[in-house]
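Below are the chains, spelled out letter by letter.
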Amino acid sequence: MPRLGRKTGIGAAIAALILLSIGFLGWQYAVQGTDQSLTAGMKLGTDFTLVDHNGAPVTQAAFEGRPTLLYFGFTRCPEVCPTTLYEMAGWLDALGEEGRELQAFFISVDPERDTPEIMKGYSEAFTDRVIGITGDPDEIARVVAAWHVYAAKVPTEDGDYTMDHTASVFLIDRDGVFKGTIAYGESAETAMAKLRRLAGTSG
Amino acid sequence: MNRFTLLLSAAILSLSSAAASAHDFKLGALEIEHPYARATPPNAPVSGGYMTIRNTGAEADRLIAGEAEFADKVEIHEMAMDGDVMKMRQLADGLEIPAGGEVVLKPGGFHVMFIGIDSQFKDGEIRKATLTFEKAGAIELEFQVEDIRAMQDTMKMDGTGKMDHGAMKHGG
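In order, the protein sequences belong to chains A and B. Residues in the first sequence are numbered from 1 upward in steps of one, following the working numbering. Residues in the second sequence are numbered from 1001 upward in steps of one, following the working numbering.
Simulated from the structure, these hints should not be mistaken for laboratory data. Honestly, I wouldn't trust all of these hints.
Unchecked claim - Capping the alpha-carbon separation at 20 Å, the derived lysine to any residue pairs in SDA-like fashion look like this:
id	chain 1	residue 1	chain 2	residue 2
1	A	153	B	1116
2	B	1026	B	1067
3	A	179	A	161
4	B	1087	A	190
5	A	153	A	189
6	A	120	B	1122
7	A	120	B	1026
8	B	1087	A	120
9	B	1087	A	179
10	A	153	B	1084
What you are looking at is a predicted structure, and each value in this text was computed from that prediction instead of being measured.
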């Protein structure tokens, strides 16, 4: 883990300045998109090659064949990501047999810092049902764009950064068709109803 | 993992956190109620610190900085939802604590961000960090680490994830 700007001092100040400039140059993998433009029935996504948290290759094909939950986030996210992963784990657990077919992925919007190892420890702390995905930042940027997800680096004072990102969970049916989202903070009841529909275990 | 054990530990946690809210600190005109931090998954480099800060004085004060041995940096942040996008901002000018008012730092809103933590925050631990206010000065606080399960209720109080700015009048 990089430990930037650990102590104040000239060295740190120079490092921060350099990092800040690099940060600005490399900034634009921010992809503007809006969930509002998405409607159920669209086929989203793009071909890509990334790695799952066990180091195995993952492609778009992973999102077909089974009803799927996709969540975009990052491990330096203090609130929405741990909350959402915790909730996803709870929904899948509560669905039990009804949700057996559902699969869930946590895609990093911060691939430069989120290695497969970091994603694995993080995801598995919540559940063994959510598989972390990370990899080449350009590939991630393409996936983020193809799902109309907003993800942007926001520089902090000392040249470090945090991320703004879409916090909704995407629901995809077994044919890879987008069915809707579960918003951050949505009640467990409506979330579970959506997942039952997605799993095909309710009308 | 056994669901019953989870529920049980959540229940015990909420009891213990209610009991722990007696842990308050005082610094000049400021009263700081129940500083707590969120337990972290393994590998998570960050955690959030929360508390209620009450200003009994006649002058506004401002939380301007923080420091902790266990973290590379301590920053003051605000999280807010903009539609379906989670946005996080460092409050470069700090966080105002209005005269006679209070500000609640809680999941989904204002928080102290511990960045580059040296080890996983485990439920039940105490982590010491120093916060500095513009007028009242610095104070070392003990943050009680709590499981995120114990925080669900706090978070659900406001579905937008955006909290009000806590400029409520405080009678005391």
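Unmet hints by their number, sorted upward, for this structure: Hint check: 3, 4, 5, 7, 8, 9 fail, others pass.
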